[in-house]
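Novice: In case you want the letters, here they are:
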Amino acid sequence: MGRIWNLVAIEARIELRERFALAGLLLYVLSSSFIVFSIWRQLPAKEWGLTFWVIFLFCSLMAVLKTFGRESETRYYYYYTLYHPLELFLAKVLYNAALLIFIFLSLWFVLFVMAGDHIVRGGWFLATGFMACIGLSVLLTLIASIAIKTQQNASMTAILALPLMIPVLINILRLTAYSLGTTPDENPWNEVTLLTSIISLVTGMALWLFPYLWRS
Amino acid sequence: MVVSISLAIVMQTTVRPAKASPLALWKWASIIILIYVFIAGWVVPLKPGIIAVTPERTIAGKQVILKVKGYNTFFSRDSDNLRAWLRLRGDTVIQSQRIEVKDDRNAVAVFYIPSAFPFAQDAYPLTLILDHPTDGSSVLPNAIFVTPAVVIDSSEASLWYKDKIDKIHDQAGIRFPFRNILAETIRNTYFHVPMWFSMIVLLGISAWYSLRYYRKGLIIDDQKSTAFVKIGLVFGLLGLVTGMLWAKHTWNAYWSWDVKQNMSAIALLIYAALMVLRSSIDDEMQKARLSAGYNMFAFILLIPLLFIIPRMTDSLHPGNGGNPAMGGEDLDNTMRMVFYPAVIGWILLGIWISQLVYRVDILKRNQ
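One line per chain: the protein sequences are L and E, in this order. First residue of the first sequence? That's 54 in my numbering, and the numbers climb one at a time after it. First residue of the second sequence? That's 31 in my numbering, and the numbers climb one at a time after it.
If you're looking for bench data, these hints aren't it; they were derived computationally from the structure. Quick reminder that beta carbons are idealized off the backbone N, C-alpha and C, glycines included. Treat the hints with care, since some could be wrong.
Restricting the straight-line Cα-Cα distance to at most 27 angstroms, the calculated cross-link-like pairs of lysine-lysine (BS3-like) are [unchecked claim]:
hint	chain 1	residue 1	chain 2	residue 2
1	E	Lys246	E	Lys92
2	L	Lys202	E	Lys394
3	L	Lys202	E	Lys92
4	L	Lys202	E	Lys260
5	E	Lys192	L	Lys202
6	L	Lys119	L	Lys202
7	E	Lys317	L	Lys119
Distance windows between CB atoms, simulated [unchecked claim]:
hint	chain 1	residue 1	chain 2	residue 2	range
8	L	Arg174	E	Pro171	38 to 46 angstroms
9	E	Ile204	L	Val173	27 to 35 angstroms
10	L	Phe162	E	Pro155	49 to 57 angstroms
11	L	Ser208	E	Leu241	26 to 34 angstroms
12	E	Val390	L	Pro264	31 to 39 angstroms
13	E	Leu241	L	Asn240	31 to 39 angstroms
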């Protein structure tokens with residue numbers, strides 16, 4: 054576990070060394086919310102939830118896209134001799150999840166300031182966001198590790214990841230509707246079970262496949 | 031087919047196989063089964079049914095003249111024995127006072143609808159039931175809506191219990207059921223549904239070959255897996271197209287953003303992405319490894335996408351969101367005689383085509 058934290062710390066240090074990286078993400082969040090808000094003018098509760106996740110989706114793609122491109126290839130050979138691929142993968146997932154949670158919280162703040170507060174069940178929304186961040190982080194990290202091996206890295210991540218994200222996203226949207234109070238559904242536990250089982254399925258598959266995909 | 035035959039001819043001049051190998055038994059089976067499915071699926075007629083009734087609404091306590099339009103019916107044969115009932119619920123029925131037969135497809139039934147009903151309601155939907163010695167019985171649910179009368183004579187409520195539906199005739203011969211919205215499109219069951227069954231089977235075989243590539247690392251397994259994905263995609267697309275045509279006739283739109291339609295389109299997108307991924311990698315081993323990994327990942331995610339999520343949402347599609355799945359009157363024993371062979375036949379055909387595709391790929395590689 055300590056070794057994984059080491060890798061996470063390295064990741065964070067590299068990210069923070071380039072100051073524009075985090076600031077760029079924040080700017081992305083701000084400007085896309087601004088565009089959406091200037092188109093809609095006002096966001097009723099239902100549209101608030103949809104807008105939130107559309108912006109979040111593209112921000113998360115942006116954030117995780119470059120996760121394997123940041124370091125040189127020779128450095129990965131070096132890592133390969135030092136760490137088990139799973140350690141590297143878990144470190145990347147943890148770091149990306151933290152990044153997504155950062156995006157989630159800042160986007161929530163931005164939309165809260167711009168379009169008002171529509172969340173009825175704040176705890177539920179926070180839990181939904183955390184689950185989404187972990188699930189999407191695992192999925193996007195795996196896809197990014199596949200896409201880095203191809204020639205068109207950026208577009209390939211989007212092509213491969215977007216359709217695979219939909220099962221996760223549908224459940225997140227339902228849980229969001231519950232936390233916004235826009236659905237008559239009073240029992241969200243079905244969705245929670247489905248979402249956690251999809252996430253654990255994805256995580257299991259990713260842990261099994263990553264060592265195999267990573268060696269080249 | 032043409033490609034494989036021409037390749038076989040080319041091969042013969044160079045390699046000279048000892049003897050052309052005969053077609054395997056299961057391939058003959060698929061040909062024969064599909065010929066049977068096409069003939070039986072298109073030729074067997076539907077049972078008689080009722081298409082429409084005019085007028086659609088009336089007021090209780092007066093006589094109503096119902097014009098009945100039949101489908102595949104033969105009213106003019108033995109027209110004296112044609113009987114009609116309007117059913118409120120269970121045994122609560124009224125029989126027609128008289129029936130005039132115009133021709134085989136059109137008849138006029140005259141009913142007196144009592145001004146009092148056994149229970150109070152804003153409007154009463156009545157089901158029309160016809161019985162005929164040769165056509166058998168046919169039913170049209172919610173044929174006519176009755177609004178309550180202004181003056182209610184409560185003694186008339188007993189009229190509802192006077193008549194009984196009895197001595198119903200059975201229609202002889204092999205025929206597919208007539209369903210009111212489906213009508214002739216019920217035959218699509220033998221084409222639309224097996225397409226999806228075949229797609230799942232082909233993609234499953236493909237994922238299995240990916241697993242074999244993961245274990246053993248033989249490039250031939252990668253080629254087989256790709257061939258099965260390609261043909262699985264074709265079957266999925268055909269399933270989508272047949273489904274859209276069916277939806278146009280039953281749901282009145284090719285695409286109504288139904289959850290089942292969306293999820294299956296996304297499933298196809300996932301596999302189309304796999305093909306894009308393959309085309310963007312040059313190195314053979316790299317391509318094989320990455321696509322094997324993605325393929326297994328995609329197949330596992332396909333299960334919640336196609337089988338769990340649509341079941342949890344409202345949907346027009348049978349088998350989802352509280353709708354009954356195939357069965358009951360939608361799939362009776364006559365239809366099962368065609369449907370089950372159709373599933374087997376289409377799956378075998380899919381495997382056959384995939385086999386041809388990867389054989390051609392292997393020949394091209396060895397050239």
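Novice: For the pair supplied as a hint, Lys192 of chain E and Lys202 of chain L, is the alpha-carbon distance within the 27 angstroms limit?
Specialist: Roughly 80 angstroms between the alpha carbons, so the hint for Lys192 of chain E and Lys202 of chain L is violated.
Novice: Is it true that the CA of Lys202 of chain L sits at most 27 angstroms from the CA of Lys260 of chain E?
Specialist: holds, 22 angstroms
Novice: Mind checking the alpha carbons of Lys317 of chain E and Lys119 of chain L for me, to see if they're no more than 27 angstroms apart?
Specialist: holds, 21 angstroms
Novice: What's the verdict on Lys202 of chain L and Lys394 of chain E, does the C-alpha distance respect the 27 angstroms limit or exceed it?
Specialist: holds, 26 angstroms
Novice: Assess, step by step, whether the Cα of Lys202 of chain L is no farther than 27 angstroms from the Cα of Lys92 of chain E, and give holds or violated.
Specialist: violated, 79 angstroms
Novice: Okay, Phe162 of chain L versus Pro155 of chain E on CB: inside 49 to 57 angstroms?
Specialist: Given a distance of about 54 angstroms, which is inside 49 to 57 angstroms, the answer is holds.
Novice: If you check the beta carbons of Arg174 of chain L and Pro171 of chain E, does the distance land in 38 to 46 angstroms?
Specialist: holds, 42 angstroms
Novice: For a C-alpha distance cap of 27 angstroms, please report whether Lys246 of chain E and Lys92 of chain E respect it.
Specialist: This hinted pair is violated, its Cα atoms lying about 81 angstroms apart.
Novice: Quick check: does the Cβ-Cβ distance between Leu241 of chain E and Asn240 of chain L fall within 31 to 39 angstroms?
Specialist: Holds, at about 38 angstroms.
Novice: So the hint says 31 to 39 angstroms: do the beta-carbon atoms of Val390 of chain E and Pro264 of chain L match that?
Specialist: holds, 34 angstroms
Novice: Check the hint pairing Lys119 of chain L with Lys202 of chain L against an upper bound of 27 angstroms on the C-alpha distance.
Specialist: holds, 12 angstroms
Novice: For the hint 26 to 34 angstroms, verify it against the beta carbon of Ser208 of chain L and that of Leu241 of chain E.
Specialist: For Leu241 of chain E against Ser208 of chain L, whose Cβ atoms are near 28 angstroms apart, the range 26 to 34 angstroms holds.
Going down the numbered hints, you'll see the structure goes against 1, 3, 5, 9, while the others check out.
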